[in-house]
Structure formats: C-alpha cells, structure tokens
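Participant: In order, the protein sequences belong to chains X and F.
Numbering-wise, the numbering used here comes out as the position in the first sequence, counting from 1, plus 146.
Numbering-wise, the numbering used here comes out as the position in the second sequence, counting from 1, plus 146.
Hints listed in this document are in silico derivations from the structure and should not be mistaken for laboratory results.
Note that CB positions come from ideal geometry on N, CA and C, so glycine has one too.
There could be a bad hint or two in this list.
Each pair of labels, with its calculated beta carbon distance range [to be verified]:
hint, chain 1, residue 1, chain 2, residue 2, range
1, F, Ser-236, X, Asp-174, 56 to 64 Å
2, F, Glu-398, X, Arg-199, 38 to 46 Å
3, F, Glu-222, X, Ser-502, 54 to 62 Å
4, X, Asp-207, F, Glu-462, 29 to 37 Å
5, F, Glu-203, X, Asn-478, 42 to 50 Å
6, F, Glu-291, X, Glu-192, 53 to 61 Å
7, X, Arg-424, F, Asp-186, 25 to 33 Å
8, F, Arg-227, X, Ile-297, 52 to 60 Å
9, X, Asp-186, F, Glu-222, 23 to 31 Å
Rough simulated footprint, nothing fancy, chain F against chain X, three-plus residues with beta-carbon under 8 Å [what the hints assert, rightly or not]:
hint, stretch
10, 201 to 213
11, 242 to 255
12, 272 to 286
13, 383 to 392
14, 399 to 413
Protein chains: 2
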Amino acid sequence: MENIFADRINDVPKSFIREILKVTVQPDVISFAGGLPNRDFFPVKEIRESCCRVLDESGKDALQYSTTEGYEPLREFVSKRYADKGINISPDEILITNGSQQGLDLMAKSVLNEGENVIIERPGYLGAIQSLSIYKANFKTVDLENDGPCISDVKKAIESNPKLFYAVPNFQNPSGITWSDSKRREVADVLAPSKTVLIEDDPYGELRFIGKPQESMKKYLEKNTVLLGSFSKIFAPSFRLGWIAAPKSIFEKVIVAKQAADLHTNYFSQRVLFDYLRNNDIDKHISTILAVYRKQREAMVNAIKKYFPEEVEFTEPEGGMFLWVKLPRHINSLELFDIAIKDKVAFVPGDPFYPSNPDKFTMRLNFSCVDEATITEGIERLAGAIKSVM
Amino acid sequence: MENIFADRINDVPKSFIREILKVTVQPDVISFAGGLPNRDFFPVKEIRESCCRVLDESGKDALQYSTTEGYEPLREFVSKRYADKGINISPDEILITNGSQQGLDLMAKSVLNEGENVIIERPGYLGAIQSLSIYKANFKTVDLENDGPCISDVKKAIESNPKLFYAVPNFQNPSGITWSDSKRREVADVLAPSKTVLIEDDPYGELRFIGKPQESMKKYLEKNTVLLGSFSKIFAPSFRLGWIAAPKSIFEKVIVAKQAADLHTNYFSQRVLFDYLRNNDIDKHISTILAVYRKQREAMVNAIKKYFPEEVEFTEPEGGMFLWVKLPRHINSLELFDIAIKDKVAFVPGDPFYPSNPDKFTMRLNFSCVDEATITEGIERLAGAIKSVM
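Please put together the full structure from these sequences, using the hints given.
Facilitator: What follows is the structure, given as structure tokens:
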C-alpha cells in the first residue's frame with residue numbers, strides 16, 4: 147500500500163518528539179524533554195464541580211450536537227478577555243477549536259495553496275512545521291534574535307509574497323524568546339503594505355512571571371493579524387480547547403473548514419470550561435501556576451549557571467515553559483542526547499525545530515513539569531554529559 | 147481579502163443544512179430537518195457518575211496531554227466490539243477521533259491528491275461531500291437502489307481508478323437505505339482487483355430496530371477497507387468521539403495527519419466514556435434507544451401511508467434516523483420547503499446530498515428526535531403542503 151498516499155502526507159516525518167518521549171518515560175530519567183504543564187496545579191476539584199453543575203442544570207443540552215462556531219458564552223468570555231487588553235474582537239470572529247493546533251491547521255487549510263511561501267521563526271514551533279508541511283508550505287525562515295525576529299530577514303522574506311507569517315511572539319516554543327515592543331512595531335511596518343497574514347499563536351501569553359506584557363501584534367497590524375489562543379496551559383490540556391480569532395472574511399472560510407474537519411468542538415467540555423470560568427477566579431489560578439513556574443525557571447537558570455561550562459549559551463525566558471540552549475559548535479545535541487539518556491536525563495535536540503538546515507548544536511529544555519530539586523539534579527547530570535563530550 | 151484563500155476552500159459551499167436549521171428553530175415549527183439523536187435518552191446521570199469517578203480516581207492524569215492514538219482501554223473496547231462481530235482489528239489499528247467526521251477528513255488528507263477520483267453514493271452523506279470537496283475530490287457517483295449501489299455504476303466508476311469509495315452501507319444518511327448482503331459481496335468483487343480503498347462509515351450501525359444485521363464490508367474486502375465509527379448516536383454527540391480503524395500502513399499516515407490537525411482527541415472525554423462503558427451496559431442502553439426510534443419510525447411510515455398522496459415514494463429503513471422521500475416529478479422540494487415552512491413543518495430538500503446534478507424532487511425526513519404524536523401531526527401538515535402544490 148506504499149503508493150496510495152497523498153503527496154502532502156508523504157513528506158511529513160513522524161514527530162521526532164513523540165519518538166524521543168518514548169525513550170524518556172522510564173521513571174528514573176529526569177526529563178526536560180516534554181512540553182507538559184505541571185499536573186499538580188490542575189483544578190481537579192473545581193472541574194468536578196463544574197461537570198456536576200453542567201449535567202445537573204442542563205445535562206440534555208450539554209450532551210447534544212452543537213454549533214460549529216462554539217458555545218456563545220465561551221466566545222464572549224474570550225472576546226471580553228481581549229477587550230480587557232484593549233483588543234477589539236467580536237465574539238462573532240472567534241471559533242472554538244480543538245486546541246490552538248487545530249486553529250493553525252484550519253487557517254492553513256483555508257488559505258494555503260501548494261508551494262506557497264510561509265514565514266516561520268528559526269527555530270520555530272514543531273507543531274506548526276508539521277501542520278504547514280502537510281499543506282506543502284514553502285518555508286521562509288527568519289532568524290530569532292534575543293528580542294524577536296531579525297528584521298532584515300523579515301524584509302527579505304516578505305519580498306517572496308508569503309501567504310502567512312506564523313509566529314509565537316510570547317515565550318516562544320522552543321526558544322523561550324519574547325519579541326520586544328520595538329521589534330513588534332518593526333515587523334508590523336514591514337508587513338503592513340503586504341497581503342501577508344500574520345498568525346500570532348499565543349499559548350503561553352498568560353504565563354508571564356517576570357517583566358511587563360507586550361502588546362499583541364493585533365494592535366500594530368489589525369487587519370492582517372489572526373490570533374490563536376489556548377486554555378491548555380491555564381486550565382487543562384486534555385480538554386483540547388483553544389480558539390482562532392480571525393477577521394470576518396477569513397472567519398467565514400475557516401468555519402467551512404472546521405465543519406468539514408469535525409463538525410464542531412467537544413461541546414460538553416466547552417460547557418464545563420465556561421462553568422469553571424464563571425464560578426472561579428481564573429486569574430487567581432494563573433497566579434498560582436506562575437508562582438510555581440517562576441521558581442522552577444529560576445532553579446533551572448541557577449543550576450545552568452552553576453554547572454554548565456561557560457561556553458554554553460542559554461535564554462532566560464520571562465514566561466512560558468521552555469528555555470533554549472546553544473552548545474559549543476563541536477557538540478552535536480543529537481549525539482549528546484545518547485550520552486545524556488545513559489546518565490538518566492533527557493531533553494529535545496534542536497533538530498526538529500528547523501524546517502531545513504537545522505542548527506545541530508542547540509536543545510530545548512522544559513522547566514514547567516519538574517520540581518526545583520529535580521531540576522537542579524537533572525541539570526547537574528546534563529552538565530556532566532556535556533563536559534564528557536568537550 | 148477575497149483573494150487570499152486556498153483554491154480548495156473557495157469551491158466549498160457553506161452547509162445548506164446549517165442555513166436551513168436557522169429557519170427551523172422557531173418553537174412552533176415541527177422539524178424533520180435535523181439529524182439529532184433523541185436527547186431524552188442521553189445517559190445524563192451515568193455520565194455524571196463517570197465524570198466524578200474519573201476525576202476522583204485519576205484526575206491529574208485525566209486532565210493532562212495524552213497520546214495521539216487515543217486512550218488505550220477505549221481502543222481495546224472498540225477492538226473487542228469488532229471481535230464480537232467476527233471482525234479482526236487490533237487496538238493498534240484504531241485511532242480515536244473527534245467524531246467519525248474527523249476520521250473521514252484525516253483519510254482524505256492522507257490519501258487524496260487534487261482531482262483524484264472518489265466514488266460516493268447518490269444521494270450521499272453531505273458531510274462527506276463537504277469534506278472530500280476540500281481535498282478537491284473528483285466525484286464519481288453511483289446510484290443507490292433500494293438494496294445498495296447500482297453495480298453497473300460501480301463497475302463503470304472503478305474503471306477511473308478511484309482512490310476511495312466512501313459509503314454508508316447501514317441506514318444511510320440521507321436515504322435510510324441498507325446494502326443487502328448480496329450487494330455487499332458484489333461490490334467487494336468489483337473492488338477486489340483494484341487499489342481503491344473502501345471507507346465504510348457506520349455511525350448508525352448499532353441502531354437496527356428491524357431485521358438482521360449484515361456483515362461489514364471488512365469481511366468481504368479485508369485489506370482495502372477502512373472503518374469509521376462513532377459513539378455520538380449511542381452515547382452522546384457533544385463528546386465528539388469516534389474512531390477510524392485502518393490497516394497498519396494507512397494508520398501510520400493517518401496518525402501523522404491527526405497529530406498535525408490537533409495533537410490528540412479530548413482525553414478527559416475519552417476517559418469518561420470508557421468509565422461509562424466499563425460501569426454500564428451499553429447494549430441495554432442501545433436497546434432503550436431502539437425501542438423509541440422503532441416506534442417513531444413506525445409513526446412516520448404510518449402517517450406517510452395515511453396522509454401523503456399515492457404518487458409519493460419513500461424508503462422504509464430498518465434502522466438509523468432518516469427516511470427518504472421521492473416526490474412526483476413536478477414538485478421541486480426546494481419550492482415545497484418554502485410552502486411547508488409557512489405551514490410550520492420543515493425537512494431537508496434533497497439538493498445538498500448530490501455533489502452535482504441533484505435530484506430536485508427528493509427530501510430527507512428525520513424521525514429520531516420528534517415524538518410519535520408530533521410526527522403524525524407534522525406529516526399531516528407536510529401532506530397538506532404537497533397536495534397544495536399538486
């Protein structure tokens with residue numbers, strides 16, 4: 147059956163991370179490889195209460211088919227939360243999706259023809275590389291500097307008339323880098339005269355534990371920005387609830403794609419989430435998560451400073467779940483992985499975060515789901531592995 | 147922004163049914179237009195118990211990210227249920243999807259190149275026409291006779307080397323028609339020498355209230371059959387839980403497509419469903435639903451016989467949720483709809499169930515979510531509308 151497949155699927159590799167995670171599940175391995183929120187802070191009791199309330203108060207309705215757009219009060223909640231940040235998005239421009247990953251898939255499905263150009267950060271989010279690859283995107287990468295994309299790279303890329311620019315401006319996965327306000331303005335200036343649609347994916351935006359929030363790109367590039375958001379990191383990943391916020395003309399097409407893809411998003415879960423949001427203080431819950439992640443991030447940064455050789459560079463993210471490490475140019479992170487796993491510590495080599503020509507001397511470390519003492523122990527082990535190669 | 151869209155999305159119309167349903171939600175309209183299960187028989191209390199049990203026993207795990215393939219015990223349940231019917235499918239060949247609609251989308255994404263041929267029944271399932279249209283399928287229709295597809299049509303269609311044959315052999319939506327065993331064997335004989343993959347979509351298979359079950363096409367065409375299934379009609383639609391069962395070589399590609407589409411299906415809902423299945427007798431629950439639908443179907447058939455003019459033809463389905471009406475050749479069902487809605491009764495005109503050259507003198511009637519007395523009343527109203535046109 148080798149020959150029956152669509153061209154679009156033949157070139158997409160199985161997820162590298164999925165394969166890596168299989169190696170790292172052994173209980174004695176300290177894993178910085180995953181990208182999971184810390185499960186100790188899921189609001190289990192409150193979700194239980196919401197399940198019961200929804201089923202007691204409107205069980206039959208909550209179990210029936212529903213609209214493609216999503217549960218209206220939940221869309222209003224998202225709209226209001228944008229309004230609180232000064233961003234004007236009507237509930238009618240918000241579609242509830244199976245996580246923000248689906249928002250990206252539906253956008254690509256709606257606008258991307260085979261071989262069209264798409265700008266993506268270098269390194270970039272692996273899930274986006276996969277999803278866009280299926281639609282045969284031709285990637286134009288722009289280097290990520292410490293404060294956002296290299297502007298001359300963006301200028302050069304925009305000359306190719308790309309359909310999309312996919313970016314994670316806040317605490318990017320994998321790098322942890324946040325675009326500065328000035329970089330945001332500069333990118334908007336470059337994109338403004340073009341037809342390129344910027345997709346601002348912001349799964350980690352609420353997870354800022356240091357410094358002040360930047361403005362959304364929607365502020366600088368209102369007409370041509372599509373926003374992706376997620377409840378996975380602040381509520382519960384298993385609910386697979388995110389959204390896409392798109393101008394009406396795009397929204398109409400994305401709805402068609404959504405309906406063809408799966409009719410609508412799990413409605414019971416939308417009802418439970420909204421009940422939770424109405425009866426609990428989500429900001430208080432977020433601040434609990436932030437306090438934990440801030441400490442874990444500090445533990446990782448401190449341990450790196452203490453144990454890693456001086457030649458190793460790394461980012462110090464102001465939020466999110468990841469930091470990014472640049473090894474000396476003779477240490478291939480794929481080879482380091484094999485040594486590290488023997489020392490019972492795991493990470494994700496940088497390789498899969500590049501659509502082509504990977505920087506092989508990089509790696510991603512996750513700090514959100516390992517406690518502080520374990521982080522320190524794991525970084526010490528990893529330092530040992532690095533030193534053994536040097 | 148008119149010109150930014152992908153070719154694939156530009157040709158796909160907004161769902162006709164969605165538009166119609168907007169007209170039919172007025173409370174005094176008797177609607178046979180929807181395709182909803184009867185909400186009075188959703189197991190609300192049992193689902194509440196399962197939500198609590200899952201969260202009490204393994205809340206943190208049930209709220210975390212999970213595997214792309216789906217919850218292993220749920221996949222084993224589906225595998226075992228196939229085994230009970232004599233169909234051998236390993237849990238490793240089963241992917242849990244957001245309803246069976248997503249199974250179709252992922253299959254099309256994985257195997258269909260632009261312009262490739264796809265066989266579909268005439269009339270055919272609207273959701274499939276939409277989903278396949280997005281991948282630019284070139285439809286080859288085969289007429290549905292009362293016992294399944296016209297075999298000479300299938301023979302002719304197979305000459306075009308179609309990639310896929312999408313079919314709903316049990317209580318088809320929209321027609322209510324079930325393929326006979328002999329038609330199944332004949333179709334399998336025609337397809338066996340070809341590379342065409344048959345997608346057997348079976349959302350209504352468990353809803354047989356008259357007669358004996360037929361064998362799955364998987365029995366007759368083992369290597370080239372992919373099965374789609376759904377818990378929407380026997381458990382709860384809002385959970386959006388279905389599956390795709392595909393031979394390993396196809397499965398590997400579908401997994402890549404699924405991961406790029408949305409990482410994985412709502413895991414909390416998978417856990418709740420499995421808990422429900424473990425602690426309740428699903429077959430007993432199905433028999434409760436069947437008893438109701440059988441009576442409602444009888445009420446509709448009897449009312450049609452009593453009130454409709456003799457010239458009107460209609461199917462008498464042995465299961466499922468729909469029956470199909472052929473009006474005399476001078477009564478256009480789109481025009482009839484406008485008259486009927488004034489008489490406060492609604493249906494779906496046959497038009498959207500044809501990828502091209504619609505039979506304009508047909509309509510779909512749903513009997514699953516209206517009680518017997520209301521069905522009789524609604525059919526009487528509809529008969530009045532038909533007679534007023536004749």
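Participant: Is 23 to 31 Å a correct range for the gap between the Cβ atoms of X/Asp-186 and F/Glu-222?
Facilitator: 29 Å, holds
Participant: Is it true that the C-beta distance of F/Glu-222 to X/Ser-502 lies inside 54 to 62 Å, as the hint says?
Facilitator: 40 Å, violated
Participant: Between the stretch 383 to 392 of chain X and chain F, are there enough contacts, at least three residues with CB-CB distance under 8 Å, for the coverage claim to hold?
Facilitator: holds (count 4)
Participant: Is the distance from the Cβ of F/Arg-227 to the Cβ of X/Ile-297 consistent with 52 to 60 Å?
Facilitator: Between F/Arg-227 and X/Ile-297, where Cβ atoms are some 58 Å apart, the hint holds.
Participant: Look at the Cβ atoms of F/Glu-398 and X/Arg-199 and judge whether their distance stays inside 38 to 46 Å.
Facilitator: 42 Å, holds
Participant: Kindly confirm whether 42 to 50 Å is satisfied by the beta carbon distance between F/Glu-203 and X/Asn-478.
Facilitator: Given about 44 Å between the Cβ atoms, the range holds.
Participant: Under a C-beta cut-off of less than 8 Å, do 3 or more residues of the stretch 201 to 213 of chain X approach chain F closely enough to confirm the stated coverage?
Facilitator: Contact hint for the stretch 201 to 213 of chain X vs chain F: holds, 10 residues under 8 Å.
Participant: Taking 8 Å as the C-beta cutoff, is the stated coverage of the stretch 399 to 413 of chain X by chain F satisfied by three or more residues?
Facilitator: With 13 residues close enough to chain F, the hint holds.
Participant: Take the C-beta atom of F/Glu-291 and the C-beta atom of X/Glu-192, compute their distance, and say whether it sits inside 53 to 61 Å.
Facilitator: 56 Å, holds
Participant: Within 29 to 37 Å or not, the Cβ separation of X/Asp-207 and F/Glu-462?
Facilitator: 32 Å, holds
Participant: Go ahead and decide if the range 56 to 64 Å is satisfied by the Cβ distance of F/Ser-236 to X/Asp-174.
Facilitator: 31 Å, violated
Participant: With a Cβ-Cβ cutoff of 8 Å, does the stretch 272 to 286 of chain X contain at least three residues near chain F?
Facilitator: Held - the stretch 272 to 286 of chain X has 6 residues with a Cβ nearer than 8 Å to chain F, which meets the minimum of three.
In the structure shown, a violation is registered for the earlier hints numbered 1, 3, in ascending order.
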